[in-house]
Amino acid sequence: MAAEADLVTTAADAGLVLVAALCILCSYRVIRGPTVPDRVVGLDAIATNVVAIAVLFALKTGRGLFVTVSLVLAIIGFLSTVVVAKFVTEGDIIERRE
Amino acid sequence: MVALRSALVVALIAVGSFFLTVGTIGLLRFPNVYNRMHATSKPTTLGTAAIFLAGFVHFGPGGAGLPSLVGILFLFLTVPTGAHMISRSAQRIGVPFLGGVTWPGREEDEQARPEDRRDRADEELARSEDE
Chain A
1 MAAEADLVTT AADAGLVLVA ALCILCSYRV IRGPTVPDRV VGLDAIATNV
51 VAIAVLFALK TGRGLFVTVS LVLAIIGFLS TVVVAKFVTE GDIIERRE
Chain B
99 MVALRSALVV ALIAVGSFFL TVGTIGLLRF PNVYNRMHAT SKPTTLGTAA
149 IFLAGFVHFG PGGAGLPSLV GILFLFLTVP TGAHMISRSA QRIGVPFLGG
199 VTWPGREEDE QARPEDRRDR ADEELARSED E
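These protein sequences, in sequence, are chains A and B.
According to our numbering, the first sequence is numbered sequentially starting from 1.
According to our numbering, the second sequence is numbered sequentially starting from 99.
For reference, chain A alone in the conformation it holds in the complex:
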């Protein structure tokens, strides 16, 4: 029993380290991305990675509450992506009509 619980904790730890490193790698595209949609795509990927981090943290600590936290993070990530996409488009339309 204890050995299997340790196995899940170890796997969740390894997953947490890996996904955190992936977030750092995604931030390269956010910083150096040639266009604004590149940056939005990078931030969207980071948001999805953070959802995975919340679920992995729930697996590591054994608290089911953090699964709900990951749901809220997914909602916030989707909203921010849609809002930034709308903002980029609307700003360009305003410039073209001048």
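Just so you know, the hints here were simulated from the structure itself, not pulled from any lab data.
Watch out, some of these pointers could steer you wrong.
[Stated by the list, open to error] Per the computed footprint, the stretches of chain B lying under chain A, defined by three or more beta-carbons under 8 angstroms from a beta-carbon of chain A, are:
hint : segment
1    : 106–112
2    : 125–136
3    : 140–154
4    : 174–187
Since this is a predicted model, take the numbers as computed values, not measurements.
Positions of the beta carbon are idealized from the N, C-alpha and C atoms, including for glycine.
Guided by the hints, dock chain B onto chain A, whose structure is given.
Coordinates of chain B only, in the frame set by chain A:
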């Protein structure tokens, strides 16, 4: 039974980490914003869904397992919607396509001097490779 469940959780975490890694490599290596979006949206959704499934297996259907299934459903609804919004806004602000790619359903794009658009795409590709 407990050993089987733990093995399944570990396997699902491994699958999810693999798909998240593939999505990040695609985000870093692909040449265009549309290709990068294709690379991030699908494998990242699969990876996070696998990790959500690991949460469902670990917590069981009584506790925090049902929010995990709701999270999978929510991801499969929202990530393609968000990617579609970003790609449409990228096309509207004039991010060039690669090669002979055209936006579907617009005849003026498909007939308006494809060689000119290909030159712009090649310049974009060369610039992104220089960086």
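Verification of the supplied hints:
1. Against chain A, the segment 106–112 of chain B contributes 4 residues with a C-beta closer than 8 angstroms to a partner C-beta. That satisfies the three-residue criterion, and the hint holds.
2. With a cut-off of 8 angstroms between beta carbons, the segment 125–136 of chain B has 5 residues touching chain A; three or more are needed, and the interface restraint holds.
3. Counting residues of the segment 140–154 of chain B whose beta carbon lies closer than 8 angstroms to any beta carbon of chain A gives 8, which meets the minimum of three for the stated coverage.
4. For the segment 174–187 of chain B, the stated coverage by chain A holds: 10 residues have a C-beta nearer than 8 angstroms to a C-beta of that chain, and at least 3 were required.
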